[in-house]
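J.: Protein chains in written order, with my numbering: chain A, -5 to 113; chain B, -5 to 113; chain C, -5 to 113.
No wet-lab data here; the hints were simulated from the structure. Computed from a predicted structure; not experimentally measured. Careful: at least some of the hints might be erroneous.
Note that the list lumps identical chains together, so a pair holds whenever it fits in one copy or between two copies.
Stated by the list, open to error - Each computed DSS-like pair below joins lysine-lysine, with the alpha-carbon atoms no more than 25 Å apart: (1) Lys40 / Lys52; (2) Lys43 / Lys(-2); (3) Lys(-2) / Lys52.
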Amino acid sequence: MSLKRLTPGPRMSQAVCIGNVAFLAGQVPDDLAADITEQTRQVLGKLDKVVEELGATKADIASVQVWLSDMADFQGMNAVWDEWVSRDAPPARATGGVALARPGMRVEMIAVVALPDES
Amino acid sequence: MSLKRLTPGPRMSQAVCIGNVAFLAGQVPDDLAADITEQTRQVLGKLDKVVEELGATKADIASVQVWLSDMADFQGMNAVWDEWVSRDAPPARATGGVALARPGMRVEMIAVVALPDES
Amino acid sequence: MSLKRLTPGPRMSQAVCIGNVAFLAGQVPDDLAADITEQTRQVLGKLDKVVEELGATKADIASVQVWLSDMADFQGMNAVWDEWVSRDAPPARATGGVALARPGMRVEMIAVVALPDES
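Sequences are here, hints too, so could you generate the full structure?
T.: What follows is the structure, given as structure tokens:
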């Protein structure tokens, strides 16, 4: 089977689809000097963009793992999440404190998304 | 595509299904003063309940990520897990030490479950 | 539904398949005295073996979570990963710092793999 890939690079793809299920790479913020509010906005913005490139919508996000480098940022992340999330179609979610790849990186999100049509 | 959701709330759903694959929210204990034995029982009890609400059984659990706030609890968690798990149909599993959302929370589990019929 | 399982043991299976999607157990190194280079090779070797036992190939790996006990090993893990990964068919990936199950264990990987034919 040839899997559909979004933005394959030399190390990883931004998303890989098995049938109508897309597994996304960890989405990370660009500005590592920003606070949790801004970093969460950047990560959710990137997630929205990948979802759109997959031809899906926010309501198609099935699950998200949220990794925070410091669980003291839990409420700050949630405040942005709660504004962003679809009230009609919220994903399953789990949040844990995990060391992240670069200094200053405060949040990373890993999502599974449903595609509109199986291919 | 409209995804099936179990117990959607303002922040997340307890489970979201893509076809016959259900992605569950992180299951957490209620009693944060309890030891790892009791907290593991509570988490597995909640997992059993969500699985039942999905119309599935313990043998339909495909994978579980186990997050422990202190890896010193690994053996304590395993003792309860080993009593609970289906010997005929054990899930894939990975266990890691992750900071959890609330003080006193010692264990969280994230599962993927097969549904009886695709819908 | 009866799920296909690879190497079921008393505690977990090495992989559990829902249709044509296989969820793998965390793959860990054997030699806990080895450095990150050798441990990463061992983990990727085990991943290759499970993938082969599933009847799949490296290009069928959809996503990998990489857990490192010390994010200082990020570059060392990446050096081995970059030699290993399929340039034509890279998986989605996320890497985080997570405490691992045994002292000396530096890397664990959790993968989702597409099977050639649904069964």
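J.: Which earlier hints turn out false for this structure, listed by number in ascending order?
T.: Failing hints: none at all.
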